[in-house]
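*Asks:* Construct the complete structure from the given sequences, taking the supplied hints into account.
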Amino acid sequence: MKSAIQKNDVLAYLSRAFKKFLKFMINKLIIASLGKKKLIKCYFFKTIKWFY
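The sequence shown begins at -19 in the numbering used here and counts up by one.
Some hints here could point you the wrong way.
Simulated pairs of lysine to any residue, SDA-like, Cα-Cα distance not exceeding 25 angstroms [to be verified]: (1) Lys3 to Val(-10); (2) Lys(-13) to Lys0; (3) Lys3 to Tyr(-7); (4) Lys18 to Lys29; (5) Lys18 to Phe(-2); (6) Lys0 to Val(-10); (7) Lys(-18) to Ser(-5); (8) Lys29 to Lys8; (9) Lys8 to Tyr(-7); (10) Lys16 to Met5; (11) Lys(-13) to Phe(-2).
Note that these hints are calculated values from the structure, not bench results.
For clarity, every value in this text was computed on a predicted model and none was experimentally measured.
*Replies:* Written out as structure tokens, the structure is:
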């Protein structure tokens, strides 16, 4: 009985850790894509200013 409870605890811990990791990765991806968009925008506007 005790080992079953321990197994469940481990599984619960792993699933929590995995969810946290997924959230972290998704946030990183969102931040990275937003950063890239900002960089592209800045570059785009600089290029336009340079042409006119």
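*Asks:* Sort out whether Val(-10) lies within 25 angstroms of Lys0, counting only the CA atoms.
*Replies:* Since the Cα atoms of Lys0 and Val(-10) sit roughly 15 angstroms apart, the hinted pair holds (cutoff 25 angstroms).
*Asks:* Take the C-alpha atoms of Lys8 and Tyr(-7), compute the straight-line distance between them, and say whether it is at most 25 angstroms.
*Replies:* Distance of about 22 angstroms is within 25 angstroms: holds.
*Asks:* Run the distance test for Lys29 versus Lys8: straight-line Cα separation, threshold 25 angstroms.
*Replies:* 31 angstroms, violated
*Asks:* Check the hint pairing Lys16 with Met5 against an upper bound of 25 angstroms on the C-alpha distance.
*Replies:* Judged against 25 angstroms, a Cα distance of about 16 angstroms means the pair holds.
*Asks:* CA of Lys(-18) to CA of Ser(-5), is that 25 angstroms or under?
*Replies:* This hinted pair holds, its Cα atoms lying about 20 angstroms apart.
*Asks:* Take a quick look at whether Lys3 and Val(-10) sit within 25 angstroms of each other, Cα to Cα.
*Replies:* At roughly 20 angstroms apart (the allowed maximum being 25 angstroms), Val(-10) and Lys3 satisfy the hint.
*Asks:* Keeping to a limit of 25 angstroms between CA atoms, is the pair of Lys(-13) and Lys0 held or broken?
*Replies:* 20 angstroms, holds
*Asks:* Quickly compare the C-alpha distance for Lys18 and Phe(-2) to 25 angstroms and report which way the hint goes.
*Replies:* 30 angstroms, violated
*Asks:* Taken at face value, is the distance from the CA of Phe(-2) to the CA of Lys(-13) at most 25 angstroms?
*Replies:* 16 angstroms, holds
*Asks:* Regarding the pair Lys18 and Lys29, is the alpha-carbon distance no greater than 25 angstroms?
*Replies:* 16 angstroms, holds
*Asks:* Compare the distance between the alpha carbons of Lys3 and Tyr(-7) with 25 angstroms, and conclude whether the hinted pair is satisfied.
*Replies:* Given pair Lys3, Tyr(-7) holds - Cα atoms ~15 angstroms apart, limit 25 angstroms.
This entry does not satisfy hints 5, 8, going by the numbered hints stated previously.
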